[in-house]
Every structure is written in C-alpha cells, then in structure tokens.
Amino acid sequence: MEAVGDRFSGPLRQRQDTTEIRIRPQHVAEVMRTVNEDDAFRFEILADLCGVDTGTEMQVVYHLWSALTPDWLRVIVEGLSRDDPRVPSVTFLWNGAEWAEREAYDMFGIIFEGNRDLRRIYMPPDYTSFPLRKDFLLPDDAARSPGEGFRHVEQPHQPGESLRRPVLRQGTSELQ
Amino acid sequence: MSEPVNDNDKQRGGAADPPIYMASDTLSQAQGLAVPPEQSVDEPIVVQNTLWSAANPQAYAGGAPSQITHLRALELGDKSDNGRWSALDIIPTKADYVLDLIRLNSLWPLLSGLACCAMEMISAATSRNDMDRFNMFPFRASPRQADVLIVAGTLTTKMAGPLVRLWEQMPEPKWCVAMGDCTCSGGRYKRSYATVEGIDRVLPVDVYVPGCPPRPEGLIYGMMKLQQLIRERRGHWADRAVGPTVPLGV
Amino acid sequence: MTDPTIIRSLDDPDIWVETPATIYDAVPPYPPRTEREAEFYDLRDGEMLLNLGPQHPSTHGVLRVVLKIDGEKVVDLDPVLGYLHRGVEKICENGDWHHAISNCDPLEYVASMFSEAMPVMVAEKLLDLQVPRRAEYIRVLCWELNRISSHALYMGWQALDLGGLTPILYSFIERDEIVEMLAAITGQRLLFNYLRIGGVNGDLNHDFLSRLGDWMSRAGAQLEANTRLLNENEIFVRRMSGLGVVDRETALRTCLSGPVLRAAGVPYDVRRAHPYSVYPELDFDIPTRTEGDSYARYLLHIDEVRESIRIIDQALHEMPDGPIMAKIPRLIRIPPARAWVAIESPRGQYGCYGMSDGSDQPFRLRIHDPSFFNLQAMTDMLPGNLIADSMAIMASLDPIMGGIDK
Numbered sequence: 030m031e032a033v034g035d036r037f038s039g040p041l042r043q044r045q046d047t048t049e050i051r052i053r054p055q056h057v058a059e060v061m062r063t064v065n066e067d068d069a070f071r072f073e074i075l076a077d078l079c080g081v082d083t084g085t086e087m088q089v090v091y092h093l094w095s096a097l098t099p100d101w102l103r104v105i106v107e108g109l110s111r112d113d114p115r116v117p118s119v120t121f122l123w124n125g126a127e128w129a130e131r132e133a134y135d136m137f138g139i140i141f142e143g144n145r146d147l148r149r150i151y152m153p154p155d156y157t158s159f160p161l162r163k164d165f166l167l168p169d170d171a172a173r174s175p176g177e178g179f180r181h182v183e184q185p186h187q188p189g190e191s192l193r194r195p196v197l198r199q200g201t202s203e204l205q
Numbered sequence: 365m366s367e368p369v370n371d372n373d374k375q376r377g378g379a380a381d382p383p384i385y386m387a388s389d390t391l392s393q394a395q396g397l398a399v400p401p402e403q404s405v406d407e408p409i410v411v412q413n414t415l416w417s418a419a420n421p422q423a424y425a426g427g428a429p430s431q432i433t434h435l436r437a438l439e440l441g442d443k444s445d446n447g448r449w450s451a452l453d454i455i456p457t458k459a460d461y462v463l464d465l466i467r468l469n470s471l472w473p474l475l476s477g478l479a480c481c482a483m484e485m486i487s488a489a490t491s492r493n494d495m496d497r498f499n500m501f502p503f504r505a506s507p508r509q510a511d512v513l514i515v516a517g518t519l520t521t522k523m524a525g526p527l528v529r530l531w532e533q534m535p536e537p538k539w540c541v542a543m544g545d546c547t548c549s550g551g552r553y554k555r556s557y558a559t560v561e562g563i564d565r566v567l568p569v570d571v572y573v574p575g576c577p578p579r580p581e582g583l584i585y586g587m588m589k590l591q592q593l594i595r596e597r598r599g600h601w602a603d604r605a606v607g608p609t610v611p612l613g614v
Numbered sequence: 505m506t507d508p509t510i511i512r513s514l515d516d517p518d519i520w521v522e523t524p525a526t527i528y529d530a531v532p533p534y535p536p537r538t539e540r541e542a543e544f545y546d547l548r549d550g551e552m553l554l555n556l557g558p559q560h561p562s563t564h565g566v567l568r569v570v571l572k573i574d575g576e577k578v579v580d581l582d583p584v585l586g587y588l589h590r591g592v593e594k595i596c597e598n599g600d601w602h603h604a605i606s607n608c609d610p611l612e613y614v615a616s617m618f619s620e621a622m623p624v625m626v627a628e629k630l631l632d633l634q635v636p637r638r639a640e641y642i643r644v645l646c647w648e649l650n651r652i653s654s655h656a657l658y659m660g661w662q663a664l665d666l667g668g669l670t671p672i673l674y675s676f677i678e679r680d681e682i683v684e685m686l687a688a689i690t691g692q693r694l695l696f697n698y699l700r701i702g703g704v705n706g707d708l709n710h711d712f713l714s715r716l717g718d719w720m721s722r723a724g725a726q727l728e729a730n731t732r733l734l735n736e737n738e739i740f741v742r743r744m745s746g747l748g749v750v751d752r753e754t755a756l757r758t759c760l761s762g763p764v765l766r767a768a769g770v771p772y773d774v775r776r777a778h779p780y781s782v783y784p785e786l787d788f789d790i791p792t793r794t795e796g797d798s799y800a801r802y803l804l805h806i807d808e809v810r811e812s813i814r815i816i817d818q819a820l821h822e823m824p825d826g827p828i829m830a831k832i833p834r835l836i837r838i839p840p841a842r843a844w845v846a847i848e849s850p851r852g853q854y855g856c857y858g859m860s861d862g863s864d865q866p867f868r869l870r871i872h873d874p875s876f877f878n879l880q881a882m883t884d885m886l887p888g889n890l891i892a893d894s895m896a897i898m899a900s901l902d903p904i905m906g907g908i909d910k
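Chains as they are written, first to last, in my numbering: chain Y, 30 to 205; chain L, 365 to 614; chain X, 505 to 910.
Here's a subset of chain L near chain X, in silico, CB distances under 10 Å, partners left out:
(1) Ala482
(2) Met483
(3) Ser491
(4) Phe503
(5) Pro507
(6) Arg552
(7) Ser556
(8) Cys576
To spell it out: a stretch of chain X is covered by chain Y in this simulated footprint if at least three of its residues, at any positions, have a beta carbon under 8 Å from a beta carbon of chain Y; those stretches are:
(9) 581 to 592
(10) 840 to 854
Because the hints were derived from the structure by calculation, they are not lab data. Idealized CB from N, CA, C, for every residue including glycine.
If we strip away everything but chain Y, and leave its shape as in the complex, we get (with noise of 0.2 Å):
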C-alpha cells in the first residue's frame, strides 16, 4: 500500500484491512487505469462497485484487489451532485462492471458515461424515481415524510378498529 500512498496525492486512510483513497469524478479513468494496469499495482479484481446518497452528495464506491497484496483499496469517488450525478465508466477495464452501474443507475440515477447499456435493471423500464436515494421514503419513514400521517398504514392502529377498511381520521377533510 506505500506504493499507493506514493503515487497517490489526496488523503488516503488505512483501516484495518482496507486502504481508502478519495478521488474526483474527472479522475475515475485515469486512476482505474493505473491501478489496473500498472505492474506496481496489478488490481485486476474489481471486487464491487456501488453507489452512495451520502444525503448531501453522491458517491461511487469501488472496492479493488491485488495478488500483490492482501489489502483492499477502496476507491470513493465523491463531490457527485445528487441533481446530475456523472460518472465515467470503467467498462473500458472491466465487462464485469456494466450491471453493477446499470444497478447504480437505477437505484440512484447516477450517470455512467461511456456504459453502453445504461437502462434500468430492477425495476420497470418506465420508472420514473431512483429507489435507493435518501428522498425517497418507504412506508416506514412515516415520520420523516412529508406526507405524515396521511396514509392508513401511518395511523396508529386502535385496538378492535377493523382492518377491513382504510379509515381517513380528522385533519384528512381536504381530500373530500
């Protein structure tokens, strides 16, 4: 990992097993490429590659291996803007990684440029919102959405309320 540390010029942290390196979106292909290719390095296993809604930006995250070494050196691309998230891809170095940014893709609508295929592959093609960002809130986030209270599934259930049928309570009468 010295090697790394050597080569690389922003902050990187070691953490048990892993060594963390941040870097700009600009520089994903540069620095994919040199790790992968270089002899110093050789991180020819693309472990994972995943996105992150930090709530404030986004991030892509890829997790690399070496037979040089035992580390893993986990590359967090940060500073991707949660309204146009662009990303180069790194599809030139590995096949492997199309699905993992159609994935990203449709969890997050982070933008892979240079992904031949970037179409939705969870959901419907004609989805319209990107699950896995933090605005987009599950039943459960009742309290934090900002419909609270609205749904059945929000009310506090009285006990020997049949379930049979939603009951809108007070405070709902703009519906009527």
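Mind docking chains L and X on chain Y? Use the hints.
For chains L and X alone, coordinates are given in the frame of chain Y:
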C-alpha cells in the same frame, strides 16, 4: 357446502361489521358524510379509488374497467351460458362428485417458484417429503397444462404482470395457493417499494400457506386442504372474490 | 391489474404504472434506449427473438432472457432482471443492524448463512468486535454445511436442466438431511436467522450432533454414489464439456468469482486470499481447474464438497469450549465509519460494504452478490451455442435470483 362457516361469506356480509363511513366509499356525492352502499352478501365490495390519480393519464388503461374476468366486479344474475359454474346455481350430482374426486386427486402444479419458498416447494416434491404421493408431482412448465398455481415466493410489481398472464392462461378449473408469507400478505417485504403485498391483490387465492418459508409438510398440508376444498366445492374458481380477503375482527 | 379495487399502499403512483405490453414482448418500444439495445434488437436476415420468460423451468428463479436466435443457435442475448427485486437494501436502511440479519437472509436462499453473515461481519468489523472462538468454529461448521447443501442443489439442478429428472431426487436427500440438521440448532430449514452480531444464536445440541455424526459417517460414500450417477455418464459429459468456456482474462474482466473463476484457472478463494474467521487454522486446499468449461465447473463443485467435508471434520474435532456470543449491548450505535467484508459463498465472493452514521440504523448496506456478476458471463458464453446448451451453461453458473435481484 358442508361446513357452516364459509370465510368468503363472512367477509362480504355487512351485518357483523359496524358501519365505518369513508369518503371514498360512496358512489353518491358526499357532503362530508359518506353513505355506505347497501351491501348484501351478493354484492362485492368495490372501493372506488378517489384518493389520488395517476400521474400518467394513460395508466390503468385510462380508467376503463378491467377486462380481467376474475377481477371484474361480479355480476350475479349473469345467466349467460359460458360453461362457468357458480356455486349457487348447480346442485352437485353424483357425477360432479366423481369429477371432483378426479380433479383433486390429480392436481398438476405449475412451476411457479419465484424465490425462497420455491426451495421448499421443490423439497416438498422430492424424495423425503413426496408430493407425488398426493399425485401432485408433474410440475408442468406450461400453464396450459396446469391445474394449480402454487405461487411460492415474493411477488414483485414487475413480476405481477407475467404472473397474472400465467394465471389467465391456465384453463379452468384452476386453483391458486399462496405459499409463504410474502404471497399471503407481503411478508417481510411489506414495506418495500417493489412488492405486491399479498398475491390476493392480483389473483384469487384459495389456500394460504403461511410461513417463511413454510415447511414442506406445511405445504403438503395446504395442498391437502385444497383437496378438501375441491371435494366440498368451495374455492374461488366457483365464485370469485374481489379484493383482499382479510378476515373480520383481526 | 387495472381494477380500482387494488388498494395502493405506497405514495409513489408510478409504482403501479400499467407497464405496457411491449416490455413483455421481445421487441422493445422504439426508439431503443441505449446503444446496446439498438444493436441487440436489430435483427438480421433469418434471426428471431425468443423470449425465455420469467417463468421457465430452467431459469433459476425468475430470470428473463431474450435470445436472438438464428435457427437453433443463439446469436445474442439480453437478460432482463428485476423480477425478484424486493428492495432489501432500502429495507435494511430502515431497520436496526440486527434486523438486517433476517432481511439479508433471503438473498441467498439456498445457503443463507452466507448472506446472513454479511451484516453481521460488517457490524463486527465496524465495532472492532472479537467473536468468541467457539462461535467462530460453529459459524465455520454451519458455513461448510451450507456449502455442501448448496452444491448438492447445484448438482441436482444441473442435471435437471439437462433433462435428467433423477439426480435431483438424490441431491435432495442430502440436502434435506443437512437442512434438518441445521433446523435442529437454528429452528429453521431455510432462512436461518442464526448468526448474531458477536456470535451465533444457540449452541450445538445433541440432536444436531447426532444427526451430523450420522451424516458424516456416510457422507463420503453417499457423495461417491451420487456422483457416480453423473460423472462418467456419457450424455452428461458430452453435453457439458467444451461448452461455456471462460478463459482467464475474460474471467477477470467480467469480475467473476467462485467456482466459475476457479474453473477458469484463477486460484482466487476469499478464504485463502483474505482469511476471515478461523479459516487460517484449518487445513484445506483450493481446487482449481484450467479448462473453464461447464464440466470443469461441475467437477469443481464436487471437489469443493470434498474439501468442505474435510473442514467440517476438523472443525468438529477442534471445537473449543466457551461462550458463543460476545457481550454487546442490545442497542448498537456504531460511530460513523465504513467497512467492507468479503466471504466465500458457494457461488463466489459475497461482499458487503457497510456505512454507519452513528445511529442504530445502517446508513448504507450494499450487498455484493456473486451471482449478479457471474451472470454477466452469460453474454460471452452463450452465443454460438444451441438453445438447449444455453440452459446447461446457465445452470453451470449456478445463479440464485434472490441475490441477483436483491
């Protein structure tokens, strides 16, 4: 109908249910107080969806009523001769009794294993817990040849379309078994954005086999219950229920 | 589906959009959305699109593959996933770290100890928690038992996809025995919910040990009997050998892992490359083969079962006494950190990237499933083969849709 308690009737009857007024429950115009429709045991509950409308105006076929027979509001008194049995119409004869025995003793399931419960379904069909003893071994790949649709595994919104298509392709008489918690009610994925919470939202279910996953013995018990249903001429292919079937008082 | 009685239960109206029939037809709505789609749906003379729909006896679960065929030969294919997408990662973010254990169970439903291990090991790594040695040995024991039951399922299913209906009955005898064994300690046959952050849920009991002893005494012979059915079966060998060849460079580029990678000649096994738990103390080999075809993958699975039996033997004999669970509070609040763990599941490298934000809920729990990446090898392996061979090749990749679709 040898058993006095028929779950279908209990859900539809309005007598035991205290009237709960709700805005969307009415077809007449409400001025704040909704009037529940007169409901008898013959009419199904149709909950009009006035709470919201889809963003896409072409969604839900533009609001046109469904053409899917089992989900259409049942019009009793439809005496058209389409060969469909109705439980209230026919007095079973000895020939019908024999036909029922034939049907229940050779139920051919459709291979419709979606997720984890499929593993238990296969376990139920293989050596140790043998469904072949109950004449249910040939899992047909084609819906045209199958009798029972054992839905084993979580139904997602993407899969709901193909599954309903499979159901429609199955010729009558056909039955549906909801295996596993995910098919009964959504199970552990009830709060997810991509699950159909219980297949009874899209299919008429005859037998619910709860469990996560149910043991193969449990599935076999459910299938034996289905055989009992067939023998007693209950079940949904005789009279379709509409909507989720949640027992009262739960 | 268009009936108004279906009560919408989520706020997002798009979720129940009437998906147009075109997405179930083989031909996509024009214009094609991506470059690859345009290339795929551009049919040349004599080519046809065949939809291997979500319900199919050979697709392992609900996988839809659109095949472009020329006669009986597959020219190209377009897999469509998502028919089992349940939103596990989102649900994990809404619950506790402990809830994530049972939420992640059904990701690998044939061998769910491995998928359960993901949130558990990530939480332990984030907390720098030391798991008691007895718990580690029990975990290894259960992992290897799960591996054997998963490989037994694989062997049966491989034959089933080729048309042989008998071997699966034999495999399921094995599998049912192992699964009943595990039900004796965990209480569940399939989705065990047994591993806990800091250890395991319950200690080994007499029922489990007696069943395990019974099984071990005839495991070797039973394995030989089962494999004698298939290994030198001429039909089986001729249908499997030479098909679905993956060479070393393609395997690394496609991010494969597990038996698919090892059959291609790359001796990468997470148990040796990144030792976790007590695997450094156990003596076992990593079977590797160089041919890279389906038959090599099948033989590799059998080799792995033999190695697993060795590991179980050692784990049973070296099992120390002691507690089975570390002392941790019930409410776990993990300070903000990130961690990545990887284990070797029967399908490959199962990984998890966990981020904690100081509260008791995971901030992000990303599960990396090996079947997801292994299935991409299909796009390279299938073209050029007959449709029936495509089934065999897909089966040899051993995909599990629970993990692929999450």
